[in-house]
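J.: Here is what each chain is made of, one letter per residue.
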Amino acid sequence: MAEVLEVVVHSTDQKLGYSGVAKSNPPIIMDYTPPLGDGQGYMPLELLLMSLAYCSGGTLSLLLKRMGKSVTAVSVNAKGIRRDHHPTSFTKIFLEFSLHSQDAGNVDVQKAIKTAEESVCAVWHMLKGNVEIVTEYKIVAS
Amino acid sequence: MAEQLEEVTVHLTNQKVQFTGMSKSNPDRPIAFDYKPPIGDGQGYNGLELLLMSLSGCSATAIAFLLRKMGKEISGLKVSAKGVRRDQPPIKFEKIFLEFIVNSKDTKDADILKAIQLAEGSVCPVWQMVKGNVEVKAEYKIVAS
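These protein sequence lines map, in sequence, to chains A and B.
Each residue of the first sequence is one higher than the one before, counting from 1 in the numbering used here.
Each residue of the second sequence is one higher than the one before, counting from 1 in the numbering used here.
Mixed in with the good hints, there may be bad ones.
[Claimed, not checked] For lysine-lysine, the following DSS-like pairs were computed, each having C-alpha atoms within a straight-line distance of at most 30 Å:
1) B:Lys105 x B:Lys82
2) A:Lys23 x B:Lys82
3) A:Lys128 x B:Lys78
4) A:Lys69 x B:Lys36
[Said to hold, decoys possible] Beyond 10 Å from chain A on every Cβ pair, some chain B residues (computed):
5) Asp41
6) Lys108
7) Lys114
8) Gln117
9) Tyr140
10) Val143
Calculated directly from the structure, the hints in this document are not laboratory data.
We put the CB at the ideal spot given by N, CA and C, even for glycine.
All chains, please: the whole structure from these sequences, using the hints.
T.: Listed below in C-alpha cells is the structure:
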C-alpha cells in the first residue's frame, strides 16, 4: 500500500520568507538571499541537499549494520554546484561520507553505496538522470 | 560561467538513524532527521518530507517572485504538498500534489497559470531536478484578500 507524506509551507513576510512543517516536527524557516529575500533561513536548494545527505547517510549506516558491521558515527558532507542562470539547478552534487567503524572495509562500503543508489535511497532515485551525483567515502577505524 | 556552491552537513546523533543537519549559512538552525520505528524513533523529519519541503519552498518562492514581477500584489502564499510513496523498491514518490493558496486582490487565473508554468519550466530548480522521475501535479486557489 502506498503511503502519503505531507508538508505545509506558508509565507511569513512580504518578501520570500516561508515556514514549513511536517507532522509534529519543529518548523523549518526558509528564505532567499538578499535583495529578493533577507537571507534568514534555509534556501530550498539547501534543503534538497540535506534531504539527499540524510537519505543516503541513513541508508548507508543501516545497510552496513545489516551486513553485521559496526557503525559508531557517520557524517555526510554534501556540496551542490549550481548553474548561475535559470534553471539554477545543481549540475553536480558531491556526497562525502565519513564512517567510523572498526570492521567495515572498502568492499562493504562500496556495496552499501551502490545499493543505496540503486534501490534503497528514495531521494537519490528522484534526482537520477537530472543531476550527476559523485560519491566519496572515508572509513575511520574507531 | 560563474557557478555557486551550496553546502550542507549531516551527522549521526544516536545508535539508530537519527541525524542532525545544518548548512554553512544556517549554523544556528539545526534540523533533526529520523526514520519511523522500528528503524528509527520518529524524532525528526524523514528525507522524503524534506524533499517535499524543498520543492514546496522552491515553487512558492518562484511563484511569489513571478507574480510580483507581473505587478501583482501577493499578501500571502501557502503550499500544501502531498507525496505518494511507493512501498516497493525503488522507494520513491510516484506522484506529488502541490496546492498553492494565493492571497491576492488582483491575481487572475491566467496569471497564476502562467507563473506555475514558468516555475515548472525553468524558474524553480528543485522542480527541474525531479523532472521525469516523479509526476508533479499543481493546483491553486486564489483568495481575494
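J.: Taking the hints in turn, state whether each one holds.
T.: Against the structure, the hints:
no.	hint	verdict
1	B:Lys105 x B:Lys82	holds (27 Å)
2	A:Lys23 x B:Lys82	holds (12 Å)
3	A:Lys128 x B:Lys78	holds (29 Å)
4	A:Lys69 x B:Lys36	holds (22 Å)
5	Asp41	holds (13 Å)
6	Lys108	holds (20 Å)
7	Lys114	holds (15 Å)
8	Gln117	holds (13 Å)
9	Tyr140	holds (14 Å)
10	Val143	holds (12 Å)
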